[in-house]
Structure formats: structure tokens, C-alpha cells
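**Student:** Please work from the sequences and hints to get the whole structure.
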Amino acid sequence: MNPTHDDGPGRLGPAELIARLQQHRLIAEAEDAARGVRHLTVWHGDPERREDVLLLAILIREFWSLVAGRDRPATVGGNDYTSFRIPPPDADTALTRLTELAHQLDPGWWRIVQGTP
Numbered sequence: 054m055n056p057t058h059d060d061g062p063g064r065l066g067p068a069e070l071i072a073r074l075q076q077h078r079l080i081a082e083a084e085d086a087a088r089g090v091r092h093l094t095v096w097h098g099d100p101e102r103r104e105d106v107l108l109l110a111i112l113i114r115e116f117w118s119l120v121a122g123r124d125r126p127a128t129v130g131g132n133d134y135t136s137f138r139i140p141p142p143d144a145d146t147a148l149t150r151l152t153e154l155a156h157q158l159d160p161g162w163w164r165i166v167q168g169t170p
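In the numbering used here, the protein residues as written are 54 to 170.
In case anyone wonders, no lab produced these hints; they're calculated from the structure.
Warning: the hint list may mix true and false statements.
As the list claims (entries may be wrong) - Taking CB as the label site, the calculated pair distances span:
(1) LEU70 to ALA110: 32 to 40 Å
(2) GLY161 to GLY122: 29 to 37 Å
(3) ALA81 to TRP117: 19 to 27 Å
(4) GLY122 to GLU82: 18 to 26 Å
(5) ALA110 to ALA68: 33 to 41 Å
(6) PRO67 to TRP117: 33 to 41 Å
(7) GLY89 to THR128: 17 to 25 Å
(8) GLU101 to VAL166: 20 to 28 Å
(9) ARG114 to GLU69: 39 to 47 Å
(10) PRO160 to GLY122: 28 to 36 Å
(11) ILE113 to TRP162: 12 to 20 Å
(12) GLU104 to ASP124: 27 to 35 Å
(13) THR169 to ASP143: 13 to 21 Å
(14) PRO170 to VAL106: 18 to 26 Å
Note that this is a predicted model, so its numbers are computed, not measured.
In this text, a Cβ means the ideal position worked out from N, Cα and C, and glycines have one as well.
**Tutor:** Next up, the structure:
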């Protein structure tokens, strides 16, 4: 069996599947950017203390305040990161404000990235 391509007809191997999924993610991010949508991702690790949960709650509450009334804002994530989808109008200003707040709240180990995970 070839590790880059499955032997079954029309089936992708693991490496090709990963490459294809990365392409789809980049296309989706480019389409969002063209529509004026911005993203912020905060890699915060697993919240282990009450304090960690409160810091995230402040950031998430501010996000929902900034995007109130906009079309299709969203938060997505896992146990160790949260990604914010900021739709227009004026998404750049909201992104800047949310990014600044994330840096203020950062207990020292967060990784804050303007973009998708």
C-alpha cells in the first residue's frame, strides 16, 4: 500500500486527504476575508483554574457584545482553543478591539492569532 494514496478506486490516502482538507480551509478563509469577515483564534490551553474560566468568559462576553446584530457571528473551538468569527460591518475594528483585550487578559501562555486555527 502506498502511504500517500489508498489502493481503493477513487479513495485518497492520508497525506492526500490532509492536503485536500488544508486547501479547503484556505479557500474558506479567503472567501470569508473577501466578504469582510475576520477571525481571531486564542490558544488558551485547558482551563484548569476558576481564574482561567473567568478570563475566557470575559473575552467571549466582549466578543458577543462587539458582534451584536451582525450576520452569522460564531465561536468555535475545542478544549484548548477558541476561534471567533467576526462578520462585517467594521470587522477590522472589532478584530482589533478583541485582539487587544485578549492580550490584556493573557495570563502569559495564550497564543493569540488573527486567523483561523
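**Student:** Next step is simple, just say for each hint if it's right about the structure.
**Tutor:** Going through the hints against the structure:
Against the hinted window of 32 to 40 Å, the Cβ-Cβ separation of LEU70 and ALA110 comes to about 36 Å, which satisfies the hint. For GLY161 and GLY122, the hinted distance range of 29 to 37 Å is satisfied, since their beta carbons lie about 34 Å from each other. Range check, ALA81 to TRP117: about 23 Å between beta-carbon atoms, so the 19 to 27 Å window is met. A C-beta distance of roughly 24 Å is found between GLY122 and GLU82, which places it inside the suggested range of 18 to 26 Å.
Against the hinted window of 33 to 41 Å, the Cβ-Cβ separation of ALA110 and ALA68 comes to about 40 Å, which satisfies the hint. Judged by the Cβ atoms, the range 33 to 41 Å given for PRO67 and TRP117 holds: they are separated by roughly 38 Å. Checked against the hint of 17 to 25 Å, the pair GLY89 and THR128 passes, with Cβ atoms roughly 18 Å apart. The hinted window of 20 to 28 Å between GLU101 and VAL166 holds, with their beta carbons roughly 22 Å apart.
A hinted range of 39 to 47 Å for the beta carbons of ARG114 and GLU69 is consistent with their spacing of about 42 Å. A C-beta distance of roughly 31 Å is found between PRO160 and GLY122, which places it inside the suggested range of 28 to 36 Å. Distance hint for ILE113 and TRP162: a CB-CB separation of about 18 Å, consistent with the stated range 12 to 20 Å. For GLU104 and ASP124, the hinted distance range of 27 to 35 Å is satisfied, since their beta carbons lie about 34 Å from each other.
A hinted range of 13 to 21 Å holds for the C-beta pair THR169 and ASP143, which are about 20 Å apart. Separation of PRO170 from VAL106 is about 20 Å and conforms to the stated range, judged on CB atoms against 18 to 26 Å.
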